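Quick note, the sequences are listed as chains Z and P, same order. Just remember that this note's numbering sits 153 ahead of the position in the first sequence, which is counted from 1. Just remember that this note's numbering sits 6 ahead of the position in the second sequence, which is counted from 1.
No lab work stands behind these hints, which were simulated from the structure alone. The structure displayed is predicted, hence computed values, not measured ones. Note that beta-carbon positions come from the ideal geometry of N, C-alpha and C, so glycine has one too. Among the hints, a few may not be true.
With a cut-off of at most 27 angstroms between alpha-carbon atoms, the simulated DSS-like pairs for lysine-lysine come out as follows [as the list claims (entries may be wrong)]:
| no. | chain 1 | residue 1 | chain 2 | residue 2 |
| --- | --- | --- | --- | --- |
| 1 | Z | Lys270 | P | Lys117 |
| 2 | Z | Lys201 | P | Lys10 |
| 3 | Z | Lys168 | Z | Lys158 |
| 4 | Z | Lys201 | P | Lys83 |
| 5 | P | Lys117 | Z | Lys228 |
| 6 | Z | Lys201 | Z | Lys175 |
| 7 | Z | Lys334 | Z | Lys175 |
Restraint-style ranges between C-beta atoms, simulated for each label pair [unchecked claim]:
| no. | chain 1 | residue 1 | chain 2 | residue 2 | range |
| --- | --- | --- | --- | --- | --- |
| 8 | Z | Ala372 | P | Gly40 | 24 to 30 angstroms |
| 9 | P | Gln134 | Z | Gly242 | 48 to 54 angstroms |
| 10 | P | Lys117 | Z | Gly303 | 45 to 51 angstroms |
| 11 | Z | Arg163 | P | Glu90 | 51 to 57 angstroms |
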Amino acid sequence: MPSLKSFRNRIASVKSIRKITKAMQMVAASNLRRAQDAAEAARPYAEKMNAVIASLAGGLKDNPGAPALLAGSGKDQVHLVIVATADRGLCGGFNTNIVRRARQHIQALERNGKEVKILCVGRKGRDQLKRQYAKRIIDTVEFVQVKRIGFTNAAAIGRRVLDMFAAGDFDVCSIVYSEFKSVISQVPTLRQLIPVVIEEAGPLVGPQGNVYEYEPDEAAILADLLPRNVNVQIFRALLENVAGEFGAKMAAMDSATRNAGEVIDNLTLQYNRTRQAMITKELIEIISGAEAL
Amino acid sequence: MTDKIAFDIVSPERLLLSDEADMVTVPGSEGDFGVLAGHMPLISTLRPGVIDIRGGSESGDLRFFVLGGFAEANPSKLTVLAEEALPMTSVDAATLEQRIKNTEEDLVLAKNESDRARIAEQLDHLRQLRSAL
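Just chain Z, with the same shape it has in the complex (with noise of 0.2 angstroms):
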């Protein structure tokens, strides 16, 4: 039977953890409240170049010289999966929801005999892929540093994929990550980011009806404008991966302490139990004793 000590040092282990992740519980819960309201401070910039672009897109897309952005180089070969998880773990199965989806992605691609080539945004998604796919890899880009991701650091990445799409290195370039639905429920998404996938819109029309003038004219304009959307998108993504991550980190920390207090009871209890069994026992021996006289 184990002693009594070793019951009170693992009581006391289990409380300590309990503390631990019931801080990191409400650490969570603080800076999911600041993600939120990063994640909806960018929607209206997303929002309205998305608008105007739909718009100017509809009807250049046919048009021969239209911007690769937008009608793609031409083949459909070389993929890039760009993968956005969190650089930290301990949120319960954010980063590995994922990465399944960005594998499910991947496979697919591959079956169909396409090339793949992978971007890995944290450092969670690249352990995880490393095994499979170490060659596929071709970059990690990492905020551990960062301490509030800004549009800075999703332009960082949008340059580079810019880039390399300009210098041909891929035809189609996806990114997953997790949009945020609420706090309990984060979707593994995947959207394609280059070339465009317009949302049917006619052309934008003022609140009186009338139509827009466009300066300098629409090609120009788009052509300033698809590039600065990659950015935003991987902004967007990056922002709701921010939220996610935290959120999922505060339901897996709450059920952690909540699973740290059951694990507490019992311990108590087998404690209780076997310092009873011993008290009982030292008296059956001194009675049996006495009687023994």
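On the provided structure of chain Z, position chain P as indicated by the hints.
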């Protein structure tokens, strides 16, 4: 004239300012244009420059430094989507100088012709801005 034009200045990260003003001057890529209430619907790209807000209801006279982006105007509302926007009061000669230096370095490192042209243009705008300061 009592009509004011409502305007939003939005950066990718957040809504910077939402207010209404008598007039907002925007640095369009084809030249500055002033937006008053009832402006015709217009979408224009921006060059690095200064957004000049006159007679804002809450903000008063205010100047914003922007580094590209685009603007959408219609008779009732102006929306500026700025790549990067800073209140003019927080821009000083030193930061601008630093940025010019960075851009100059970029120019040296630029690999192809179109990149170089773009950066050279940006540098030009920044130098203009420095002289305006």
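Hints versus structure:
no., hint, in the structure
1, Lys270/Z <-> Lys117/P, "24 angstroms, holds"
2, Lys201/Z <-> Lys10/P, "22 angstroms, holds"
3, Lys168/Z <-> Lys158/Z, "15 angstroms, holds"
4, Lys201/Z <-> Lys83/P, "13 angstroms, holds"
5, Lys117/P <-> Lys228/Z, "25 angstroms, holds"
6, Lys201/Z <-> Lys175/Z, "40 angstroms, violated"
7, Lys334/Z <-> Lys175/Z, "24 angstroms, holds"
8, Ala372/Z <-> Gly40/P: 24 to 30 angstroms, "26 angstroms, holds"
9, Gln134/P <-> Gly242/Z: 48 to 54 angstroms, "49 angstroms, holds"
10, Lys117/P <-> Gly303/Z: 45 to 51 angstroms, "26 angstroms, violated"
11, Arg163/Z <-> Glu90/P: 51 to 57 angstroms, "55 angstroms, holds"
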